[in-house]
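**Student:** Given these sequences and hints, build the entire structure.
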Amino acid sequence: MAAVRVQLLLSGRPESVSFARSVCGLLGAGPGLGTWPIHYSLKRGRLVLSSRPFPGASARLPLQRPPFCPFAALEERPRVPGAELPTDRGVDLGVAVILQSSDKTVLLTRRARTLSVSPNLWVPPGGHVELEEELLDGGLRELWEESGLHLPQGQFSWVPLGLWESAYPPRLSWGLPKYHHIVLYLLVISQESQQQLQARIQPNPSEVSALTWLTPDVAAAVAATEDGTETPRLLPQDLPPSVLAVELEEDGKARPLVLPMSTLLRMIPTMAEDKERVSTGTKFALKLWLQHLGRTPPPCKSAAHLDPGPAKEEWNMDPLPPNQGSGK
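Counting in UniProt numbering, the final residue of the sequence shown is number 328, and the numbers go up one at a time with none missing.
You may find that some hints are simply not true.
What the hints assert, rightly or not - Distance condition first, Cα-Cα at most 30 angstroms in a straight line; then the derived DSS-like pairs of lysine-lysine: (1) Lys-178 to Lys-275; (2) Lys-253 to Lys-275; (3) Lys-253 to Lys-43; (4) Lys-43 to Lys-178.
Said to hold, decoys possible - Okay, the calculated beta carbon distance ranges per label pair: (5) Met-271 to Gln-153: 42 to 50 angstroms; (6) Ser-206 to Pro-169: 20 to 28 angstroms; (7) Tyr-179 to Pro-37: 20 to 28 angstroms; (8) Ser-102 to Glu-76: 45 to 53 angstroms; (9) Glu-15 to Ser-242: 45 to 53 angstroms; (10) Ala-199 to Ala-272: 21 to 29 angstroms.
Source of the hints: derived by calculation from the structure; they are not laboratory data.
Quick reminder that beta carbons are idealized off the backbone N, C-alpha and C, glycines included.
**Tutor:** Have a look at this one:
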């Protein structure tokens with residue numbers, strides 16, 4: 001069996017989680033969409049989660065899964081013969097970096113269309129946390145591997161934002177899940193402006209096909225389009241029709257790209273397809289980022305259809321002070 005990455009405190013001691021079990025469900029999550037404050041500890045590439053305080057826990061963070069989480073759905077229906085999930089695997093650990101510039105924009109990258117997992121998705125830089133690797137080190141490594149950005153020592157601070165239970169494929173209608181992760185979103189606040197950071201970016205074309213920087217107003221509109229909800233969200237009327245991005249050509253050269261706003265606001269389809277969209281977990285992370293800034297989705301003509309989410313005090317149950325970056 002592979003090394004255990006995600007463990008739960010269910011009976012006073014850490015226990016590994018089976019690949020086929022919903023982490024949110026085991027920690028007491030009810031049906032449907034919801035966020036749960038969870039105590040966590042992360043050391044040397046291992047994440048321990050509990051619904052109650054425990055020695056060594058860092059703080060509480062919001063934990064969420066999509067309303068269409070396949071692991072939750074599988075627990076509610078009879079097993080289908082010949083469709084068994086792995087029994088010798090646990091839940092993997094991932095990290096994603098919400099990189100904020102000094103002028104309060106955040107970086108999103110579009111995954112290369114040649115990737116076998118989640119092609120064409122707009123996401124923050126991120127990936128697996130290696131065994132024995134600390135959280136910040138893993139996030140900075142993924143940021144460097146995908147964007148070429150190295151953050152100078154002492155010129156950034158960081159704070160954990162929240163946890164997301166991720167599956168791929170993300171819906172049972174796409175097929176049985178092959179990957180199961182808990183992703184920890186990490187806010188890294190640079191002292192450099194968007195222009196300064198952009199000038200140093202050298203994207204890895206094998207992983208990244210485009211990149212863009214979102215302002216809080218655009219991020220709020222993206223976060224308001226919650227996947228899997230039946231009630232349509234009415235968006236602000238003053239949204240720009242597009243945002244500026246940078247796209248990598250086949251030879252690796254960068255060219256300007258006008259990215260339609262409709263692409264960023266696209267919802268997850270019922271059946272599998274590889275159209276560009278922002279991932280569901282990224283929308284969750286953008287909402288947390290906005291709450292960290294003290295922002296909620298901007299008002300629109302019919303605000304009753306916009307769900308701003310819980311107040312900041314409810315999400316950041318035990319906010320951590322920003323940590324000064326140690327660099328790499």
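**Student:** A separate judgement is required for each hint: does it hold in the structure or not?
**Tutor:** Hints, one by one, checked against the model:
no.: 1; hint: Lys-178 to Lys-275; verdict: 20 angstroms, holds
no.: 2; hint: Lys-253 to Lys-275; verdict: 23 angstroms, holds
no.: 3; hint: Lys-253 to Lys-43; verdict: 39 angstroms, violated
no.: 4; hint: Lys-43 to Lys-178; verdict: 26 angstroms, holds
no.: 5; hint: Met-271 to Gln-153: 42 to 50 angstroms; verdict: 47 angstroms, holds
no.: 6; hint: Ser-206 to Pro-169: 20 to 28 angstroms; verdict: 22 angstroms, holds
no.: 7; hint: Tyr-179 to Pro-37: 20 to 28 angstroms; verdict: 26 angstroms, holds
no.: 8; hint: Ser-102 to Glu-76: 45 to 53 angstroms; verdict: 46 angstroms, holds
no.: 9; hint: Glu-15 to Ser-242: 45 to 53 angstroms; verdict: 48 angstroms, holds
no.: 10; hint: Ala-199 to Ala-272: 21 to 29 angstroms; verdict: 38 angstroms, violated
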